[in-house]
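K.L.:
Sequence:
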Amino acid sequence: MLRTLQIVNHKLRTSITQAVGSRSTYNIVAKQRSCRNFLAPSSTSASSSSSSSVFDVSEQDFEEKVVQASKQTPVILDVWASWCKPCLNLGPKLEKYVIANGKVKMAKLNADESDKIIMSLKVSSIPAVFGFADGKVVNRFIGDLPEPEVEKFVQLLSQQAKK
1 MLRTLQIVNH KLRTSITQAV GSRSTYNIVA KQRSCRNFLA PSSTSASSSS
51 SSSVFDVSEQ DFEEKVVQAS KQTPVILDVW ASWCKPCLNL GPKLEKYVIA
101 NGKVKMAKLN ADESDKIIMS LKVSSIPAVF GFADGKVVNR FIGDLPEPEV
151 EKFVQLLSQQ AKK
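In my numbering, the protein residues as written are 1 to 163.
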């Protein structure tokens with residue numbers, strides 16, 4: 001499935017390049033993002049979640065809410081975008097198991113608004129999920145996993161919780 005997404009993305013970039021002429025790749029990606037954001041349905045935000053264990057994070061508060069917070073409680077970072085169907089499928093599954101587990105928190109990072117963090121984590125595809133404990137990444141996966149695997153990921157990370 002990842003290969004299919006890469007092919008579709010390549011075809012989209014090629015068609016945009018042909019349509020706009022000699023614009024740089026950076027401008028083409030910016031156009032793709034703005035078009036996707038314009039065409040994408042409004043997404044449900046994690047801040048509307050009834051649980052304080054699931055929250056939105058940005059470049060401004062990433063260090064505090066994810067890295068520093070993971071020194072006390074493990075934090076799952078879900079890198080997503082509103083135009084990404086696998087992201088929209090995975091998010092609710094992660095939230096379900098994080099809330100049920102109670103020993104882990106979950107931060108949701110919009111990939112379209114967080115270029116610096118995306119580059120520092122070397123995210124090449126979304127959804128990308130990182131497990132933080134003791135201030136560093138201890139586990140990760142890319143793509144929409146089946147529920148049993150998502151549950152196992154949350155359980156393994158919760159074992160890193162300070163007792």
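These aren't lab readings, by the way, just hints derived from the structure by calculation. Backbone N, C-alpha and C fix where the C-beta goes; we use that ideal spot for every residue, glycine too. Fair warning: there could be bad hints in the mix.
[What the hints assert, rightly or not] Derived pair list, reagent style DSS-like, types lysine-lysine, alpha-carbon separation capped at 30 Å: (1) Lys-96 <-> Lys-136; (2) Lys-103 <-> Lys-152; (3) Lys-65 <-> Lys-96; (4) Lys-71 <-> Lys-96; (5) Lys-85 <-> Lys-136.
[Said to hold, decoys possible] Cβ pair distances, simulated, as ranges: (6) Lys-85 <-> Lys-136: 26 to 34 Å; (7) Asp-56 <-> Val-137: 16 to 24 Å; (8) Gln-60 <-> Pro-146: 29 to 37 Å; (9) Glu-64 <-> Asp-115: 26 to 34 Å; (10) Lys-71 <-> Arg-140: 28 to 36 Å; (11) Gln-155 <-> Met-119: 15 to 23 Å; (12) Gly-135 <-> Asn-89: 25 to 33 Å; (13) Lys-103 <-> Lys-136: 26 to 34 Å; (14) Arg-140 <-> Glu-63: 13 to 21 Å; (15) Gly-102 <-> Lys-122: 13 to 21 Å.
K.L.:
What hints, given by number in increasing order, does this structure fail?
P.N.:
Structure breaks hints 9, 10, 11, 13, 15.
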